Structures are given as structure tokens and as C-alpha cells.
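Engineer: Here is how the chains run, residue by residue.
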Amino acid sequence: MAGRTPLYKEHIQAGAKMVPFGGWDMPIHYGSQISEHHTVRRDKGMFDVSHMTVVDLEGDNTRPFLRYLLANSVDRLTDSGKALYSCMLTPEGTVIDDLIVYYLRNDFFRMVVNAATREKDLTWLRRQADAFSVTVSERDLSMIAVQGPNARQTVLEQLEPEVHNAAKNLKAFFSAQVGDWFIARTGYTGEDGFEIILPADAAVELWRQLLAHGVSPIGLGARDTLRLEAGMNLYGSDMDETTTPLESALSWTVAWEPEDRDFIGRESLEKQRKEGVGDKLVGLVFDGKGVLRSHQKVVVEGFGEGEITSGSFSPTLGCSIALARVPAGVGKSCAVEIRGKLVTARVVKPPFVRNGNSCIQL
Amino acid sequence: MSNVPADRKYATTHEWVLENDDGTVTVGITDHAQDQLGDMVYVEVPELGIIVQAEEACAVLESVKAASDIYAPIAGEVVDANDRLSDSPETVNQDPYNDGWIMKLKPLEPCVSITEELMDAAAYETFIEDEDH
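Top to bottom, those sequences are chains A and B. In terms of numbering that gives the first Met the number 0, the first sequence opens at residue 0 and continues consecutively. In terms of numbering that gives the first Met the number 0, the second sequence opens at residue 0 and continues consecutively.
Since the hints were derived computationally from the structure, they do not count as laboratory data. Mixed in with the good hints, there may be bad ones.
What the hints assert, rightly or not - Once the Cα atoms are required to be at most 20 angstroms apart in a straight line, the calculated SDA-like pairs of lysine to any residue come out as: (1) B/K64 / A/G287; (2) B/K64 / A/D286; (3) A/K288 / B/D119; (4) A/K340 / B/A121; (5) A/K288 / B/S67.
Predicted, not measured: the structure shown is a model, and the values here were computed from it.
Please take these sequences and the hints and turn them into a complete structure.
Structural biologist: Take a look at the structure:
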């Protein structure tokens, strides 16, 4: 039996098509995935992301614990509320999960990890936290992401004065906690907006309120095309426990400095960094008719083969785009096998779209 | 509930077949099929004049979700194809039984005997209900 978020009834009422996702029954779309995608790029939309796992880390040693646990460095978090994107690695340097960690106080950080990896993440966190006497608690909270150029304004108008005041001056990648509400200026779409973590009853109320004020519900289908256009990786598709951040276009999330910071996976990554990677993750654009899809074969002449890890039609660009893991020697183009035929795709550096605008020459 | 018009026949691969007065048949996909596939992004219709065998893949629909073959429900010559779908593939979602038609075939054998193997609307409704469970 798949889990249901507190917003399940709201989805059904809005005509959602529900699908199983990471152990949850989630809305894939509410009619048209493409129009939902455009709604977020051009106006505002809301996503139920209550399936995501919220974990609170508490204790005097939380900062040293995170310095050791994560490939990115919490040393970068000096201002309260600041968020950091990072991978959590195995000792071999491969990716257990990607996550966002929010710094609230030196003895209190909040982390949001993926739904499908919930159990293994919690097990790993608890195992590592023991030595630091850090308490790891999963929080039973709901989460709504409101994204798009007009998202913040509409959300701010609906917030109670106290939350409103905390939210209105948040800079990008900052968060604030007000009572049992937590509001962050983060997202997974390449647009501005908020992610709001709050108790179930409040989530239902906020959802209805936003709906009444013109915020459209958006399904996981559009969430996937939005994040792909934004060049954001999806755990389990673009990276997993068989790949390292260096092979996943995530080198920017590995903090090598200071050199004496010991973090799980560092030794293996240092070795790979020195020897060089065999494969890397790149963006692909296909201008012809047809859709790049995950697991399609990629051929890089003279270097070997690779594979598409995420592929889709890009509603904003009007053509197909993908992330692909290919031999590191790849040049400006490669061949992709679509339904038995080899076609030529351009190799580009993601993102494909940022703040509503194309970053790719079409 | 999906819409299943009674004026035509249906294949197990979710195409509909409508007999025209001039002896040709029009082929498209059902409302149920377009709903399962999601938003269409490309439609590749067959070339005019080619002969297709029954159950032969002859057109491709690419939706946000997947690429799917369209099978010829009967053997015939492709005498017309809906070229407008290349510019507006969403027509297949919006109007699968009329403007979203895919191709017209001139049957190689008399139509009556051929369409007997296809389902009528009631049988197709039962078929998709069973498929859902």
C-alpha cells in the first residue's frame, strides 16, 4: 500500500492522475503535463512534495558531524538560514543521496533528502551520527513548493504577519523558521519561489488558499521536465551508488578546501580527481523530430559508448534535451540511438533554461 | 471514464477504425490510449502509397511519457495521412476521434470480413476495464 500525503484528497479533487512514486501515491499531472510546465515558467504553480524526507539534526557537534558527512562543506554556512546543496557519499566516493541542508543554529540543522532513499539515508545518518552524539530525527511534516516568476508575491500575500515578515526579505537559498513553519527560497525548477515545510493541517489550508488565489497544482511529470531544463540532476537516474560526483557534473558541490577537512569519500575522490574520470555527465540537445529518453545508447566516435540518464521533450525549447553519461573525451556532438536509428545530438553545458529563458542556442 | 463512440471498431492495441462511404477506413487512437500516453509531442504519420499489413507498426506517437507504435488494424494502402499533426500533435489528445485521426487506409480485402476481427464499442469498453484491473 503506497503512502498518501495529507494533500491526497486535494489532488483527487483537482483531477490528478495518481501514480506510485518512491513508495507514495503522487500526482503525475492534473490534465496536461506540458501546460503545467509552462504555468511554472510563465506564472506560478505549486507542488506537493510531502513525500520528501525531512530530517532534523541536533546536538553540539552537528557542525563537525556535517563537515565529515557531506562532500560539500558546511563551512560555507555562516549565516543562519543559509542552505547548501550536497551529496552524501560512500567511502568509495559514490553517491548515497543528494540533499539540501539548512543551517539554523550550530546545534540545529535541517536536511531534506529524497523519498525513495529514505530508509538507507536514515540508517546511514544514524550510523555516522553516533560518534558525534548528534540526534537524527525524521519529522512528520508536509512540504509544498511554490515556483514561478509570480510565486513569491502570491505566497507572501497569503502568509500570516509573522511568517510573512520572515519570508519577505529572504535571499535566494536562505530559509527561516517561524514556530512550526519553515520557509525557504529554494526549489527544483530553475525558477524563483519558496519551499514551505509545515504541519499537515496547515499544509491543507495553505494549499486551498493558494489554489483560491490562482496558484495551479503541478504534477511530478512537469516537475521532472522543469528540473531537467534547469540542468538539475535526479538521484537514481543521473547519479547513484555506482557513480561519483565527478562523473555526475557535480564537481562544483565537492569542497576540496580546506585540504585537511576529512569527509567520507574524500580519499577515493582525490584519487579519481588526480587520475581523471573516464566518463562525465553532459547535456544533449536534439533538434530533429524524436525524443531523447533515459537508457538510450550514446555513441562518441573514437571514444566509445555512453547512455542517456534523463531525457525528455523540453516544453520551453520545443525540442528534446537530455543528460547523458558519456566518455570524457566527447566533443561538440555525439550520436544517440533512438528507436534503432542513430541521430546526431549537440553536446552542451546545462542548464538548458534558467528563469524562463533559454540558455541554449537554438 | 473514457469516451468510446459506438460508430466504429477497435483493436486490442487501442486504435479505432471508422468505415467511410468511399470504401476507405480512417484510423486513429482511442481516448483511453491518449489518456494513458499523456501529452503528445511528435507524431510521425506513414508515407502515402505504402502498403501496410494488419498489425504492422506504421506510425509513431511520441508523448511526454513514451514513444508508441501505431499498428495498422487492417491490411491496406495508405491513401491519406493527417499531416496537421506534425505541427499540432496535441490534437490527438484534444480530439482523438475526429481531428486527431492519423491515417486513411484502402483495405486490400473487402472491409466487412476484416473488421469482424475487431471489437465493437461495448467489447472495447470491457477490454480497457479489464486492462485497468
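Engineer: It remains to establish, for every hint, whether it holds in the given structure.
Structural biologist: Now the hints, each set against the structure:
no. : hint            : result
1   : B/K64 / A/G287  : 18 angstroms, holds
2   : B/K64 / A/D286  : 19 angstroms, holds
3   : A/K288 / B/D119 : 35 angstroms, violated
4   : A/K340 / B/A121 : 39 angstroms, violated
5   : A/K288 / B/S67  : 14 angstroms, holds
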